[in-house]
Amino acid sequence: MIDLFGYGAFFLSMALTYAIICLGLNVQWGQTGLFNVGVAGFVAIGAYASALLTTPDTPDRLGGFGLPIVAGWIGAALAAGIASFLVGALTVRLRADYLAIATFGVAVMVQLCLLNLQGLTGGPFGIGFIPRPFAATATNPALFAALNLALLLAVVAALYLGLERLLRSPWGRVLRAIREDETAARALGKNADRFRLQAFAIGGAIMGLAGAAQGHFIGFIAPENYQPMLTFQVWAMLIAGGSGNNRGAILGAIVVWGLWAFSAPAIAALFPPDQQARAAALRIVLIGVGLCAILLIRPRGLLGETRTVSRHLPKAKPKP
Amino acid sequence: MGQAIIEADGLVRTFGGARAVDGMSLALAPGEMVGLIGPNGAGKTTLFNLLAGTVRATAGTVRIAGTDVTREAPERRIARGVGRTFQIPRPFAEMTVLENVLTGAPSQSGERPLANFLRPGRVAAEERAALDRARGLLDFVTLSRLEDEPARVLSGGQRKLLELARVLMADPKAILLDEPAAGVNPTLLELVIDRIRTLNAEGRTVLLIEHNMDMVARLCSRVVVMAAGRRLAEGNPADVARDPAVIAAYLGDGA
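Going down the list, the protein sequences come from chains A and B. Residue numbering for the first sequence follows our numbering, starting at 1 and increasing by one per position. Residue numbering for the second sequence follows our numbering, starting at 1 and increasing by one per position.
Bound conformation, chain B alone:
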């Protein structure tokens, strides 16, 4: 395996007395699609937040393409090629669907107030390019016809898709997807699965938190199982699903 695009080493995060993530290590090779599963409260989302920089690690390190980013602010991640979505979608509710996606455009010169007056041509050209890209991505997630609606009118599943389009604006090399199928109706679910597969086929690394084992089995060749903040098991989906320790963790020790 070449250099990992995302590499976590001995990550620990405590909240008060609780050790949400308790010595977790994980490496994602470029182009890999990995599923992260585990019972509720296993620390999956906290691990995500640590990888995305939203939460600071108590101990351990996070590296992106070899660079230590453990102490770096979350807004620096996307420039390093790592994007994320949220378990509970966070659309900009009062902004339109199109505007939501445009916001994902990375470091446009028009984000500097003065550039809008001093270099209007350049700002306009970048904005046109961003518009084209945003429209393409809205098409990709089948939300084109809703582009002028405020994001608050979207259903839960559509919000998941909107977040996906928004984070793709920056063309990340790796994407952390937090339960992309939660609350998504069965028809839309097939679309979500197909789109995630496409993203991976384009060469993007994907780390996926998911409770839907069937979906994980269809998408991922490697699955990491977390329980109580640690890695419990790892392997291909079929083996992991048969692992007695995994079954015990999901069903309780009495199983």
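Pulled out of the complex, with its shape left as it was, chain A reads as follows:
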């Protein structure tokens, strides 16, 4: 029973860290139409920034600085936000496909830096002993798991509320207008580049925060965690859940992470041991097939984008 609770809490906590990344991508893609295919890079920047700030002093590596976890998380969001701002300042004018190439390149570059800048990142072995929230309660695994889950729930809830407010604000409205027709938005006086850059930086900062949350939850990070596979998973989550809808982003993260997590024991049960390493590739196939199935049945994702006018409108009339 305790084990089941422990596993449930672990599963949900991991899913929630993905939900945070998804919320970040939803600002960039769902709201603004920015085709960021370098998600993993921005998550990695956040994870490493927080790890450097919070781990104890380590020989052969810059830092750690032994700061409190909160400082690490704020630092992670800032670092990834600044990185996104700089990348965005160079690339945000690009059309969708070129932005995709550019951001993919950035993510590959980040990963190569993680591997090779050993004095900063610990190289291929990564960074271990990242302090975990509520470490003092670790002797009681159920309490420890519950507190971590509660913390992540609180972060997701706070982000959700904040992003919903933005989505229904004049800012969110301008983002959607730019996504729909940039020339018309410009003719109405909206500086499209500035709004895009803001959305890209805010989305990136949220991804960085997610990277930190994930790193501290697992306690260990390494470059191989931040491969294009991560970007693919997050995209699958957002599209499955419903691009443009913050609740969809969270739901998609839980559903796709569920598919991913439960496919491992399923493969172990279905395939003979000598074939299991090969069969593991089926997990990626499963996500792809699952995504296709969802899009066939619900083309706009599980929860499509809802029509938003203004949060200051007395009440929206129900749509038939």
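Hints are computed from structural coordinates only; laboratory data are not their basis. If you're wondering where the values come from, they're calculated on a predicted model, not measured in any experiment. We put the beta carbon where it would ideally sit given N, CA and C, even for glycine. One thing to keep in mind: the hints can contain errors.
To give an idea of the chain A side of the interface with chain B (calculated C-beta under 7 Å), a few residues [said to hold, decoys possible]: (1) Val174; (2) Gly189; (3) Arg307.
Listed next, with one range per pair, are the computed distances between beta-carbon atoms [claimed, not checked]: (4) A:Leu117 x B:Ala93: 42 to 48 Å; (5) B:Asn185 x A:Arg298: 36 to 42 Å; (6) B:Ala129 x A:Arg298: 37 to 43 Å; (7) A:Gln118 x B:Gly17: 55 to 61 Å; (8) B:Asp132 x A:Ala138: 55 to 61 Å; (9) B:Pro30 x A:Leu90: 41 to 47 Å; (10) B:Ser107 x A:Leu94: 25 to 31 Å; (11) A:Pro68 x B:Ala125: 36 to 42 Å; (12) A:Val289 x B:Arg122: 47 to 53 Å; (13) B:Gly66 x A:Gly119: 55 to 61 Å; (14) B:Gly66 x A:Val108: 50 to 56 Å; (15) A:Arg307 x B:Thr14: 41 to 47 Å.
Covered by chain B, according to a simulated footprint, are these stretches of chain A (three or more residues, beta-carbon under 8 Å) [unchecked claim]: (16) 160-168; (17) 190-200.
Assemble the complex: chain A is given as a structure, and chain B must be docked to it using the hints.
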């Protein structure tokens, strides 16, 4: 004539080898309503795009109320009091009619992400004012009952009206209207004419591209005729319509 609100001087725009606008000058006095006519391909829409900043001039200058804005980005025009509509309407298709119009609200503080958290009262007050104004404008263009529909369901004529309401949110002193009557059915056309007349009566300067000569004659006291990127003729509608050069330009040189 006092200082022109919009003044183009020697404007040239080339696309590859083609000179779409070839040395065009034009001045609009405050409160004036001017028709811009000419055969297809005369360069009317390119001239519009140059005035609106959507297209950069190859040569020449554009001034708004005396300030040189030739190199300024299109999004700065509306703050200077010049708004425009498009020949082919560009509604935000997936946004509601009301949301489309609200988007025209100029530089609200809620357009800054942080202000939504730091100054929620001010954002809300501005948004309420914008809502009132948007509803008033939707009423003005008779689209009120469609306010909750996505803009993509509107007919061509309704899209023209939506664009008009959207650009009026910023209360521009001058409006560039690119074929406001194209694709508009006869009933709606009377409404469009009436609304344009009202806008002009409110003191707004209007520059109108239009193929419907009857409409131009009813609305404008001055008509500028463009052909091959240049000014061919200018004057009151009746005189211009009789001008042999204008008739030749429309019907071809054989006429």
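Hint validity - A:Arg307 Cβ closer than 7 Å to any chain B Cβ: Hint holds; A:Arg307 Cβ to chain B Cβ min 6 Å, cut 7 Å.
Range hint 36 to 42 Å: satisfied by the CB atoms of B:Asn185 and A:Arg298? Holds - the Cβ-Cβ distance for B:Asn185 and A:Arg298, about 38 Å, lies within 36 to 42 Å.
When the nearest CB of chain B is found for A:Gly189, is that gap smaller than 7 Å? 4 Å, holds
Is the coverage entry for the stretch 160-168 of chain A by chain B consistent with the three-residue Cβ rule at 8 Å? Coverage by chain B holds here, the residue count being 3 at a Cβ distance below 8 Å.
Range agreement (Cβ of B:Thr14 with Cβ of A:Arg307, hint 41 to 47 Å): 44 Å, holds
Between A:Val289 and B:Arg122, is the Cβ distance one that fits in 47 to 53 Å? 50 Å, holds
For the stretch 190-200 of chain A, count the residues whose Cβ lies under 8 Å from any Cβ of chain B; is that count three or more? holds (count 5)
That 36 to 42 Å hint for A:Pro68 and B:Ala125 (C-beta), does it hold up? With Cβ atoms ~39 Å apart, the hint holds.
Starting from the range 42 to 48 Å, see whether the pair A:Leu117 and B:Ala93 falls in it by beta-carbon distance. Cβ of A:Leu117 to Cβ of B:Ala93: about 46 Å, so the range 42 to 48 Å holds.
Verify the CB-CB distance for B:Ala129 and A:Arg298 against the hinted window 37 to 43 Å. Because 38 Å falls inside the window, the suggested range holds.
Could you check the hint for me, namely that B:Gly66 and A:Val108 are 50 to 56 Å apart, CB to CB? 52 Å, holds
With 55 to 61 Å as the target window, see if A:Gln118 and B:Gly17 comply at their CB atoms. 58 Å, holds
Hint compliance for this structure: every hint is met.
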